[in-house]
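**Student:** Start counting the sequence shown at 14; every next residue gets the next number (this note's numbering).
Incorrect hints may have been included.
[Unchecked claim] Once the Cα atoms are required to be at most 25 Å apart in a straight line, the calculated DMTMM-like pairs of lysine to aspartate or glutamate come out as:
no.	residue 1	residue 2
1	Lys20	Glu54
2	Lys20	Glu55
3	Lys33	Glu57
4	Lys18	Glu38
5	Lys80	Asp29
6	Lys93	Glu105
7	Lys18	Glu55
8	Lys83	Glu55
9	Lys59	Glu49
10	Lys80	Glu105
11	Lys18	Asp65
12	Lys80	Glu23
13	Lys33	Glu69
14	Lys83	Glu23
15	Lys93	Glu111
16	Lys20	Asp65
17	Lys59	Asp15
18	Lys59	Glu69
19	Lys20	Glu97
20	Lys83	Asp65
21	Lys18	Glu97
Because the hints were derived from the structure by calculation, they are not lab data.
Remember, predicted model here, so these are calculated numbers, not experimental data.
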Amino acid sequence: MDILKYKGYEGTAELDMSRKVCRGEILFINGVVTYEAASPEELEAKFRAAVDDYIETCATLNRPPQKPLKGSFNVRLPPKVHREATLRAIEENISLNEVVVRALSAFTSSHV
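Work out the full structure: start from the sequences and follow the hints.
**Tutor:** Below is the structure:
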């Protein structure tokens with residue numbers, strides 16, 4: 014799946030072969046905002062229009078548009094991994110949060 018980006022928002026770009034259309038959804042907001050098109054070029058334009066419409070609708074409703082991802086999330090780990098990560102953090106004199114940041118940074122930087 015490809016990711017579209019516009020004004021700090023991300024959206025999906027998918028092919029629906031059963032309906033012979035390109036489609037997508039704005040990611041990381043409450044609610045569902047979708048868009049659909051006949052071609053990839055048109056899909057990108059529809060995504061941008063959907064983001065603009067979302068922002069305008071929020072203004073009309075007098076509420077701030079959600080900013081995708083605030084930088085905090087809960088992680089559930091097996092107890093053994095939690096313990097090992099905590100011990101390693103203590104050994105390195107860093108926080109457990111820093112362990113997660115380093116691990117995720119390594120994971121995302123290896124993405125090609």
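**Student:** Each of the hints needs a verdict: does it hold here or not?
**Tutor:** Taking the hints in turn, this is what the structure says about them:
no. : hint              : result
1   : Lys20 with Glu54  : 18 Å, holds
2   : Lys20 with Glu55  : 18 Å, holds
3   : Lys33 with Glu57  : 16 Å, holds
4   : Lys18 with Glu38  : 12 Å, holds
5   : Lys80 with Asp29  : 28 Å, violated
6   : Lys93 with Glu105 : 18 Å, holds
7   : Lys18 with Glu55  : 14 Å, holds
8   : Lys83 with Glu55  : 30 Å, violated
9   : Lys59 with Glu49  : 7 Å, holds
10  : Lys80 with Glu105 : 34 Å, violated
11  : Lys18 with Asp65  : 12 Å, holds
12  : Lys80 with Glu23  : 11 Å, holds
13  : Lys33 with Glu69  : 30 Å, violated
14  : Lys83 with Glu23  : 14 Å, holds
15  : Lys93 with Glu111 : 18 Å, holds
16  : Lys20 with Asp65  : 9 Å, holds
17  : Lys59 with Asp15  : 15 Å, holds
18  : Lys59 with Glu69  : 15 Å, holds
19  : Lys20 with Glu97  : 40 Å, violated
20  : Lys83 with Asp65  : 20 Å, holds
21  : Lys18 with Glu97  : 37 Å, violated
The structure does not agree with the numbered hints 5, 8, 10, 13, 19 and 21 stated previously, though it agrees with the rest.
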